[in-house]
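**Student:** Protein chains in written order, with the working numbering: chain S, 7 to 706; chain E, 7 to 706.
Please keep in mind that the hints were generated in silico from the structure rather than gathered at the bench.
Treat the hints with care, as some may be off.
One copy or two, it doesn't matter: identical chains are merged, so the pair holds either way.
[Unchecked claim] Restricting the straight-line Cα-Cα distance to at most 27 Å, the calculated cross-link-like pairs of lysine-lysine (DSS-like) are: (1) Lys-222 with Lys-542; (2) Lys-620 with Lys-324; (3) Lys-143 with Lys-542; (4) Lys-639 with Lys-542; (5) Lys-639 with Lys-324.
There are 2 protein chains.
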Amino acid sequence: MPNLHDLFEPRSIAVIGASADRGKIGYRLVENILASGYRGEVYPINPRGGEVLGRRVYPTILDVEDEIDVACIAIPAASVFHAVTQCAQKGVKFVPIITSGFSEVGNLEEEKRIVAYARAHGMRVLGPNIFGVYSAKASLNTTFGPRDIQPGHVAIITQSGALGIAMIGKTAVEEIGLSAIVSVGNKADIDEADLLDYLIADDDTHVILMYIEGIKTGDRLLEVLSGGTQHKPIVLIKAGRSERGAVAAASHTGALAGSDVIFEAVTRQCGVLRAESLRDAFAWCKFLVETPLPSGENTVIITNGGGVGVMATDACEKYGVNLYGDRPTLKDIFSDVTPAFGSTQNPIDLTGQATDAGYHAALTAGLAHPAIHAVIALYCETMLFDIDQLATMMTTFSARYRSAHKPIIFSIFGGDRIETLIPTLRKRHVPFFTDVYEAVSCVGAMYAYFHHRTAPADAPEGVDINSRRIDQVVDNARRDGRGFLLAYEGQQVMAAADIATPQSHLAHNLDEAVAAAAATGYPVVMKIVSKDILHKSDVGGVALDLDNRDEVMDAYQAIIRSCRAQQPHAMIEGVEVSNMVPRGVEIIIGARRDATFGPIVMFGLGGVYVEVMKDMAFRLFPLSRREIMAMLKETRAYPLLLGVRGEAQKNIDGVIEAIMKLGTVIQQCRQISDIEINPLMVYEQGIDVTAVDVRILIGN
Amino acid sequence: MPNLHDLFEPRSIAVIGASADRGKIGYRLVENILASGYRGEVYPINPRGGEVLGRRVYPTILDVEDEIDVACIAIPAASVFHAVTQCAQKGVKFVPIITSGFSEVGNLEEEKRIVAYARAHGMRVLGPNIFGVYSAKASLNTTFGPRDIQPGHVAIITQSGALGIAMIGKTAVEEIGLSAIVSVGNKADIDEADLLDYLIADDDTHVILMYIEGIKTGDRLLEVLSGGTQHKPIVLIKAGRSERGAVAAASHTGALAGSDVIFEAVTRQCGVLRAESLRDAFAWCKFLVETPLPSGENTVIITNGGGVGVMATDACEKYGVNLYGDRPTLKDIFSDVTPAFGSTQNPIDLTGQATDAGYHAALTAGLAHPAIHAVIALYCETMLFDIDQLATMMTTFSARYRSAHKPIIFSIFGGDRIETLIPTLRKRHVPFFTDVYEAVSCVGAMYAYFHHRTAPADAPEGVDINSRRIDQVVDNARRDGRGFLLAYEGQQVMAAADIATPQSHLAHNLDEAVAAAAATGYPVVMKIVSKDILHKSDVGGVALDLDNRDEVMDAYQAIIRSCRAQQPHAMIEGVEVSNMVPRGVEIIIGARRDATFGPIVMFGLGGVYVEVMKDMAFRLFPLSRREIMAMLKETRAYPLLLGVRGEAQKNIDGVIEAIMKLGTVIQQCRQISDIEINPLMVYEQGIDVTAVDVRILIGN
């Protein structure tokens with residue numbers, strides 16, 4: 007298959023469906039290509055022949071003598087297949103199909119036929135249903151969007167065409183230069199992962215922005231994202247965060263939106279910066295493309311307005327920005343440049359009395375000091391400040407400290423005089439915003455990326471489990487026609503994975519029950535065992551806290567009597583007698599094979615609280631133990647494991663090992679799709695964690 | 007005391023510290039007053055005499071013959087008191103003190119002296135440390151900020167001066183007209199509540215925006231806010247949300263920032279719209295001042311971009327906007343105006359193929375239909391759409407439906423052509439934004455206000471408690487020199503408030519313990535009782551789940567032995583024998599007298615989860631039972647009371663009554679500052695809730 011290099015830097019390009027009619031996309035494509043300064047050959051194709059914009063039109067692509075790297079197709083859907091066959095004959099490498107009317111309106115068969123033919127003939131398809139491709143490297147604008155695209159260092163991949171075209175306009179207004187923008191449309195062949203491969207390697211691309219609605223092959227995407235974020239920041243917007251939004255996204259693109267919670271967790275794990283709104287995404291890209299990575303986390307806020315300083319402090323907490331708090335050092339640095347009624351503590355409050363000279367002095371002092379790694383500079387328009395000086399100051403400082411790896415971001419707030427500065431500051435690529443929260447959110451994104459880049463690169467770890475034994479258990483259940491394991495089978499799986507469970511015995515009669523209880527040790531719990539009884543408690547099939555032989559005998563009889571009476575046709579296998587597990591911290595752990603992303607592990611607050619508190623964290627598996635620990639710490643429930651109210655610390659290592667084991671089961675025993683322990687009882691250190699209830703599902 | 011009417015609409019104004027020096031605040035004040043079109047008399051005051059801007063300068067205020075309503079003071083701090091005495095002599099009503107250098111730099115005494123003198127002489131003080139007052143009604147700009155302030159219908163009260171001045175500029179850029187802007191500074195006399203009183207009654211003010219850093223008299227403020235939101239929306243920014251931000255706010259203004267969780271809860275209860283960022287606050291004001299309240303909650307999104315439609319759907323969920331979902335009706339309304347490959351389901355997706363005529367038709371259809379109460383119209387710049395038509399359409403529709411009480415908001419996204427529209431649209435007061443989330447957040451704010459205005463106005467309710475008995479218990483504890491109640495005293499308070507507790511008896515010896523257990527009924531719990539032993543479990547002072555006489559005897563001896571051994575000097579009063587409370591849903595309820603806001607009640611997930619999950623809701627007390635129910639529903643834990651996993655519903659009424667009782671205790675027994683029950687065990691309906699652990703603090 008051809009290398010994507012030739013899609014972004016083709017030596018020649020054909021436009022199938024080129025038109026002299028200004029209202030047609032086929033006209034606009036040729037017009038944009040010619041206007042963009044592309045240095046390769048351009049061949050308009052249309053059976054009617056003639057000329058488009060002074061260029062000769064070839065009746066078919068076969069009539070062109072030159073070799074053609076890219077053939078952009080903009081003709082009615084019914085004619086596309088035929089055009090693709092001609093492209094194949096011609097030896098074209100890439101066919102971006104602008105045309106819509108395929109899978110997005112239910113016409114999946116034709117789309118599949120085209121892609122299959124193309125791939126069988128060594129071609130790759132972009133789209134269909136796209137607005138095209140812009141590549142700064144080739145000075146090539148093969149889109150029907152705006153003509154003028156400013157070259158630069160942000161690459162955009164978008165699943166939405168209308169939004170993509172509007173984004174081109176927006177980047178121009180914001181003076182965000184593009185290295186590339188690509189519309190992926192229906193992703194029938196080339197998908198985000200393919201495009202990322204090229205853009206990650208492309209030196210002109212410094213930041214990548216992706217707009218996604220749904221994902222087809224998640225595991226490959228994550229692999230590419232994971233590798234890519236080691237080289238450059240990747241900002242992602244995935245619409246369909248909410249339940250109703252996911253439905254809207256699905257109906258819009260036909261793509262599976264999937265669970266957003268999982269998506270959020272796994273993309274973060276890959277170091278991707280996920281933005282909620284377009285505005286945040288653009289702000290982050292604008293900042294990240296202009297800004298060096300810092301050398302540390304000590305951030306100071308310098309402000310001429312106390313109020314915005316306080317708001318920025320709030321925003322720093324919200325976005326995880328670490329405010330430098332060494333009071334003596336801060337005093338040393340700033341006392342000479344701060345008035346007595348201001349504050350040298352972070353935020354550095356120069357007060358509304360600050361002149362431009364005073365502000366300049368404070369920025370100089372802060373930026374020059376090695377203990378400070380990043381500066382958030384806030385400005386409220388006052389009467390005492392020469393605003394032209396402000397613009398100069400912003401330009402100078404941001405240029406000077408870019409090469410010194412010390413990020414500086416400005417937030418400026420005021421009236422007309424501020425408004426007039428904006429176009430100039432944009433043109434000079436000064437990182438500035440007009441809202442404190444927006445500015446700080448950019449710094450937060452930068453530090454999220456900084457943490458990812460500076461985190462130790464752990465090798466994934468694993469544990470030994472008896473996967474052959476587990477497969478046997480699953481095989482048995484399958485032979486039985488079941489898609490799930492029964493309780494005792496779950497216990498067998500736990501044993502094979504070396505996770506402790508309550509001792510338990512199946513008793514077929516009263517004598518066996520009494521013997522089982524004696525063997526287990528009092529107190530015991532008894533539960534009916536029957537494939538036909540799903541909700542055991544509802545039919546009197548459970549007895550708890552049985553302290554002696556008499557209570558066991560009474561309970562056995564009561565259980566059998568009650569179940570017989572309430573479900574006369576149920577096949578009763580017997581009664582399970584288990585020792586009663588002492589209370590500990592109840593957590594939930596799980597692992598599953600996600601249809602989109604592959605093996606995933608989960609940790610959260612267990613018991614009945616799972617459903618209401620939804621306090622859970624997820625990770626792609628495999629993982630290192632350090633990363634599992636980080637997952638635990640993400641939950642609000644984590645302090646329970648550290649011990650609250652003076653309790654001793656719990657067996658956290660036991661929890662980590664248990665999660666490692668569940669992940670390994672899902673990895674190695676491919677028949678199992680879901681495994682969940684709730685609750686897993688966690689005790690003090692040195693005491694085994696115990697899986698009280700295990701639920702295991704078998705996949706298809 | 008004079009009515010605030012005369013501060014905003016004075017017949018005459020003096021500027022003490024008027025100056026001919028253009029660099030001085032005293033010059034700027036006179037300049038702004040004269041430029042603003044004020045029709046009253048203006049008297050510059052300065053011992054040097056002469057002229058300022060063609061006006062005669064009087065040496066002292068006493069030299070003016072006319073009566074003076076307002077004397078604005080802008081002279082050094084040390085001279086202010088003397089000037090105030092002269093104002094008093096002259097019979098001035100209001101003295102806005104621009105001068106800084108008072109309590110904000112620790113000079114509290116002088117500030118108090120000035121205010122005390124002023125009030126004793128029938129004057130009221132605004133500030134000190136302010137930038138002044140603007141009042142559209144009087145065409146009066148007594149600030150040293152920008153000269154031109156656009157008159158309109160938003161009133162701003164700000165605690166930060168620098169921010170306030172910048173806000174004036176920002177409102178002008180955004181074409182947000184002001185009815186008033188007032189700086190409150192140190193709030194030594196006039197505070198937000200006083201100003202609100204005037205602005206709420208002022209017909210020219212349609213929306214009020216407040217910027218607050220700290221609050222002095224919270225209960226009065228809440229009362230005024232509560233009344234005010236029945237007349238107009240009040241948008242509030244309180245900086246210092248985060249812990250660090252609160253510290254920064256406190257050091258900035260000397261105002262107590264207080265707990266933000268409580269602040270958030272009580273202001274929401276008053277119907278105040280709290281904005282996080284300045285941008286949100288301005289957006290909401292801009293929208294609310296232009297927009298009628300809707301007649302219902304059915305909102306539709308109409309879009310020409312599928313992607314932004316999905317994002318808007320996500321945003322609607324985030325901001326609590328109800329998307330109309332009646333599919334047949336939506337199809338009826340929109341099928342004629344939506345292409346086949348679009349969607350008539352909400353969001354209505356006209357696709358990127360939509361022309362301006364198509365978009366117009368869809369807006370017309372949606373706005374005309376009675377089932378639809380509000381429209382969110384999204385536009386992505388495309389090549390097919392005549393953008394001049396867009397501006398006309400936006401203007402026409404927003405004007406037409408303003409009088410029809412059907413809000414419409416636009417979010418427009420694109421390049422240069424969009425950018426050029428912005429100033430025009432602002433001038434025409436069309437409610438539009440350039441980000442989907444921002445637009446939807448405005449609709450969310452509108453509906454939050456709508457819900458507040460349409461909620462039934464319940465009268466606060468109460469319950470009977472035996473407050474005399476409670477006072478006796480507290481008096482005893484006070485005589486004992488304690489600031490808290492012991493466990494048995496807590497039980498006495500519970501009994502007086504008619505909240506069930508476990509039965510319990512104090513046993514002084516083995517025989518009494520056995521008798522107590524028999525009287526209580528097995529199983530029982532035993533706990534050491536000693537003022538000297540704080541952590542009972544740590545010294546072996548607790549025994550749980552004792553099933554019979556033998557176990558009670560063993561446990562009694564074990565407890566006494568262990569406590570004697572580990573704390574030989576502890577005064578042991580005996581052992582408490584209580585019946586063991588069956589497990590139920592463990593919640594926490596509480597009530598306290600907040601130093602800023604007065605009586606507050608609390609509900610949340612109880613047990614050890616309180617500290618880690620922080621799942622709690624708060625309300626000002628008194629309340630109606632319906633409002634307590636709403637408080638319960640605010641927590642994530644609420645479904646536990648409804649019964650999860652097929653359990654029966656719990657005794658929710660019992661919880662509501664218990665909260666009502668705690669609130670009433672705090673209201674009536676003014677010696678008690680804090681009362682907390684954790685856990686309160688909640689069982690099925692018909693079974694009393696039980697206070698297992700009660701903690702009561704006595705105030706000063």
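**Student:** Give a verdict on every hint.
**Tutor:** Checked hints:
no. : hint                 : verdict
1   : Lys-222 with Lys-542 : neither (40 Å within a copy, 59 Å between copies)
2   : Lys-620 with Lys-324 : both (21 Å within a copy, 17 Å between copies)
3   : Lys-143 with Lys-542 : neither (67 Å within a copy, 74 Å between copies)
4   : Lys-639 with Lys-542 : neither (35 Å within a copy, 31 Å between copies)
5   : Lys-639 with Lys-324 : both (17 Å within a copy, 25 Å between copies)
Comparing the model with each earlier hint shows violations of hints 1, 3 and 4; every other hint is respected.
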